[in-house]
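Trainee: Hey, can you work out the whole structure from these sequences and the hints?
Just so you know, the protein sequences line up as chains A and B, in that order.
Numbering follows UniProt numbering, in which position 97 of the first sequence is assigned residue number 97; successive positions increment by one, without gaps.
Numbering follows UniProt numbering, in which position 53 of the second sequence is assigned residue number 53; successive positions increment by one, without gaps.
Incorrect hints may have been included.
Short, incomplete list of chain B residues facing chain A, as computed with Cβ under 8 Å [said to hold, decoys possible]: (1) 10; (2) 41; (3) 59.
Pairwise CB distance ranges, derived in the manner of DEER restraints [to be verified]: (4) B:26 x A:66: 16 to 24 Å; (5) A:211 x B:22: 20 to 28 Å; (6) A:62 x B:24: 16 to 24 Å; (7) A:71 x B:57: 24 to 32 Å; (8) A:145 x B:22: 46 to 54 Å; (9) B:35 x A:163: 45 to 53 Å; (10) A:178 x B:11: 44 to 52 Å; (11) A:158 x B:3: 54 to 62 Å; (12) B:34 x A:175: 18 to 26 Å; (13) B:57 x A:104: 25 to 33 Å; (14) B:27 x A:139: 24 to 32 Å; (15) B:7 x A:104: 24 to 32 Å.
Please keep in mind that the hints were generated in silico from the structure rather than gathered at the bench.
For glycine and all other residues, C-beta sits at the position ideal for the given N, C-alpha and C.
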Amino acid sequence: MLGNAPEWPLDSPMTRSASSGPSTLARVLTGPPGRLLIPSAAFAGLLLTYGDSVPGSYFMTQIVGALLALGVAVVWGPRFVVGLLRADGRPGLRRHWARWAAVPLVGATVFGLLWFDVPSSARFALSKASMEQIAQRIAAGKEPASERRWAGLYQVSSIERSDDGVIFYLEDAGFLDRYGFIWSPKARVYQDLETAYKHIEGPWYEWREWF
Amino acid sequence: MVLNVPGRPADWVGGGIVLTVVFFVLTMTGGLYQPLLLLAMPVAMFAAVISAYQEAARWRADARPQGLTEERAEEGVEALAGTHADPRSESRDEESTGEPGPDQAGTAETRTTGRTEPADS
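Mentor: Below you can see the structure in the form of structure tokens.
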């Protein structure tokens with residue numbers, strides 16, 4: 001019995017003040033972003049960046065990333081604004097300025113990357129050589145693959161030979177429309193009502209088939 | 001700037017979540033509730049944060065008569081940290097963040113001074 005006695009008497013000013021402190025939620029809401037919010041912002045940024053790295057984007061990845069980013073903004077924004085407006089909030093903002101700055105910094109970085117189309121350009125640049133090898137082999141007579149496979153950093157659902165080149169169908173890209181790449185060294189791609197092409201560089205075109 | 005709201009932070013957060021779900025269901029069933037759907041949670045979060053600051057301020061005001069002056073309180077924290085605080089958790093917090101962690105804020109400081117530190121999220 002004696003061994004289990006509490007360190008502090010049950011009814012003393014010490015225990016009273018310990019038990020009647022602000023709730024955990026109140027402490028979290030008045031505190032700086034930390035172990036949950038900053039990693040969540042980074043994860044949302046990763047999802048959005050990855051989702052935008054293919055033509056047409058990965059729809060579900062983008063939706064999940066956008067919802068997570070919205071959640072982070074809804075939690076971060078009011079805490080920052082109220083902390084800024086209240087005299088008892090400003091010292092906390094000054095003391096933990098780096099942690100407060102981390103979330104908008106992540107947001108601005110991701111926005112900049114998406115605005116300048118960096119994820120898709122980088123992924124295409126890293127995949128181009130590998131895809132070109134595959135395209136040249138197929139153009140030379142090798143049978144194209146009809147099953148799912150990797151071509152560079154892209155997962156393609158199938159690769160087909162066409163009259164003027166080779167078509168790479170991207171797996172999971174877009175929502176309803178189909179997206180892919182065309183390798184056409186003769187530069188003969190025909191626009192029609194169902195398909196659209198956008199020149200990327202050299203013999204490469206981005207291809208879209210309307211639903 | 002004076003910002004006051006009634007209720008506790010948990011009430012506002014819970015209310016915001018419930019309203020968002022309700023507006024979402026109404027929107028899905030054909031109602032034009034999108035503006036409310038998008039606004040419910042941000043407004044609730046603003047109120048919850050204001051309420052949290054109020055709660056912290058109220059608690060500081062209540063705790064002050066029980067405790068010590070600010071200067072004495074700092075001395076008290078240091079004295080208590082030397083006798084009661086767990087040295088393992090202290091070194092762990094210093095290693096990870098370089099500053100006292102919420103564990104210490106919730107034990108040593110609270111017992112001595114009635115003050116508390118905001119927690120991470």
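Trainee: Check each numbered hint against the structure and report the violated ones by number, ascending.
Mentor: 5 and 14
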